[in-house]
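A.B. asks: Chain by chain, the residues:
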Amino acid sequence: MNSLKLVSLQIDDTHIHFKDGPNYIVGNNNSGKTTVFNCIRYALGLTKSVVHKHISLIELEVCINGLGIGFRREVGSTYLSVWQKGVTHKYRALSKELDRFLTEALSPTYIYESDAESIFALLNFCFLSEERSANRRQQWESINSMCGVNVSLLSSVEKDIYALKKEVSKNKELEKIVDEFSRSITVRLKESVKIADLDSTIESTKERFFDEFREKEGLLINAMSKFEEIKERSDLVLRSKIAEIEDVFFSLNHSAGFERSFFDGLELFIKSRSKTMSYGEETFSRFILVLAVAKVAQEGRYNFPQLIINDSYLSFDLDNRSYRRSLNILDDLMFMNKGLQYIEFTYKDEVPSEHVVLNLNAQGGLHVFGS
Amino acid sequence: MSSAVNQMGWGEKISLGVSILSFLVAFIGLTLSDSVSKISSKADIVATNDTIKLNSLINQNGYIETLNLKNRGRSASKNVKLIVEFFVEIPKFELTSDEDIGKPEIKGRRLKIPLERLSSNSNLKITMFSDSPISYDINYIDDSGNHKITMYRETAQRDMLDMILILVIIISLLAVVWIYRRASESALMATLETHQSEIQVKLREVRDEIGNIEVVVNEPNSSSTAELNESDKGIGQRLADFITKI
Chain C
1 MNSLKLVSLQ IDDTHIHFKD GPNYIVGNNN SGKTTVFNCI RYALGLTKSV VHKHISLIEL
61 EVCINGLGIG FRREVGSTYL SVWQKGVTHK YRALSKELDR FLTEALSPTY IYESDAESIF
121 ALLNFCFLSE ERSANRRQQW ESINSMCGVN VSLLSSVEKD IYALKKEVSK NKELEKIVDE
181 FSRSITVRLK ESVKIADLDS TIESTKERFF DEFREKEGLL INAMSKFEEI KERSDLVLRS
241 KIAEIEDVFF SLNHSAGFER SFFDGLELFI KSRSKTMSYG EETFSRFILV LAVAKVAQEG
301 RYNFPQLIIN DSYLSFDLDN RSYRRSLNIL DDLMFMNKGL QYIEFTYKDE VPSEHVVLNL
361 NAQGGLHVFG S
Chain S
1 MSSAVNQMGW GEKISLGVSI LSFLVAFIGL TLSDSVSKIS SKADIVATND TIKLNSLINQ
61 NGYIETLNLK NRGRSASKNV KLIVEFFVEI PKFELTSDED IGKPEIKGRR LKIPLERLSS
121 NSNLKITMFS DSPISYDINY IDDSGNHKIT MYRETAQRDM LDMILILVII ISLLAVVWIY
181 RRASESALMA TLETHQSEIQ VKLREVRDEI GNIEVVVNEP NSSSTAELNE SDKGIGQRLA
241 DFITKI
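Going down the list, the protein sequences come from chains C and S. Residue numbers for the first sequence, in UniProt numbering: 1 to 371. Residue numbers for the second sequence, in UniProt numbering: 1 to 246.
Hints are computed from structural coordinates only; laboratory data are not their basis. One should not assume that every hint holds.
Distance ranges between label pairs, derived from CB positions [unchecked claim]:
1) C:SER169 <-> S:GLU198: 18 to 26 Å
2) C:PHE335 <-> S:LEU188: 42 to 50 Å
3) S:GLN200 <-> C:LEU57: 30 to 38 Å
4) S:GLU198 <-> C:SER272: 49 to 57 Å
5) S:GLN200 <-> C:SER255: 22 to 30 Å
6) S:VAL206 <-> C:ASN328: 30 to 38 Å
7) S:LYS202 <-> C:ASP115: 26 to 34 Å
8) C:GLN298 <-> S:LYS245: 45 to 53 Å
Built from N, CA and C at the ideal position, the CB exists for glycine as well.
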């Protein structure tokens, strides 16, 4: 998959120029950090909700595989303009056309070639927000997509097979009823009138009538066997890739001072809420999970766009030591993975000043709050 | 209250300890002082004195000392024996009182004046004359014990000390109240903050659950693109495509 890099963001009169590597946007509570975060998602067409009623226009410039792409969206509009090589297209947010455009640009790879997969889940995974942690099932699907599993394809085929199975079973019942009915009719007719080749006539009529049913049954058997086959392969790939992420995830958690006993497994950690973990610990571990994915995704075997945008409140009820350790982990990761772009929204002033791309405290908050 | 103390910092605990200690010391000091003890004692004999130095105008040198003893207490002092211990020699003296005075007894430089009683607000006046300055100590013995009499002029100093002790008591009490109030406020704030963070966690859990439900409800938007793309096709056609294409 190609990497996605943010180049610049313009929210009305506020300009932000992003760099490779770490980028920090510093601001106190209510200074507009999350608004900027939401503006990026809004400009990319990943959300329909209005970011802030006082903002009128957002322009975002990104770079995909060395190619510059611009996104422009007026607040309140369901459409966004996307320009590339001087050509402008208009897409509806979250539409399949936008999905197709982004998929084409980012070129994620899946086990089976399919145009059914959505790029939005993959991109959403890169945005760490308070709200994002809520969609556990979607997160698990995102991880699956990152591992190259055809989540949408498998899901839609499974649904179709289920629907067809129901239809076939209904057909079988119908056939049984028709069989019984035709048998009784034959008996009665044989008693009253003499018709030549009555049995064969009825059988051939039934045969013609139920031909379509049999076709569907055959299709169901074939589809099921094919589905089992690709599911088995997908599971195999998924298991091996998840195990790889899991190993890195546990080792990073250990480095951050978290014990393995917190988690019974990566899948369980993502899908369900641990009673033994506080919300802060869980948010922090999810941040570690994204770092783990970024670490294993260096080799390009995963569908990860090499971008992390972090607006989660990491130090919530967490001791400062774990936070500092996580920064060391991040530094190591940035050192090893030069292609990774990391954007963090933080209230902490002690971040390296050379990496601060916007200090909302210095300018008295985003203009919409300052006014 | 104990929870408030438990949540205090070391600085506040030390301040509280110092305030309580000051309060106790001042309270004990005030309780033991004459000003307070006189309230409860039955008799309180105080003395005032006045010295006059004679000069050449009247062709007479010497000193006239007037010692006035008065019972300021609430009740009479019975079987009083006033003992005046002179430092040099016993001067000439004259006794006047509104009570009956017994026969004075002189032993060395000690003068003992017996009185059957010295009622409340009664006094005994001793007028003395000597060529040299007159100096002495006085104490009295009555049914309640042996008491030293201090000159009334010291009362002002005593009152000042009492005032200081009262001030210390008031200040230390105010300090204790203020420290407790501050500690209670801090404890209340801490409790509120704990509740707030608990509520936030609960809200997030609720949001979490709602988020999961939302994902399930909105599933067609996220995961079944194929279904949307090919909604016009029948299930059979889609599965047939799936078998052939994949």
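A.B. asks: The structure should be examined with respect to each hint, and the outcome stated for every one.
C.D. replies: We went through each hint and held it up to the structure:
no.	hint	result
1	C:SER169 <-> S:GLU198: 18 to 26 Å	violated, 51 Å
2	C:PHE335 <-> S:LEU188: 42 to 50 Å	holds, 48 Å
3	S:GLN200 <-> C:LEU57: 30 to 38 Å	holds, 34 Å
4	S:GLU198 <-> C:SER272: 49 to 57 Å	violated, 21 Å
5	S:GLN200 <-> C:SER255: 22 to 30 Å	holds, 28 Å
6	S:VAL206 <-> C:ASN328: 30 to 38 Å	holds, 34 Å
7	S:LYS202 <-> C:ASP115: 26 to 34 Å	violated, 43 Å
8	C:GLN298 <-> S:LYS245: 45 to 53 Å	violated, 32 Å
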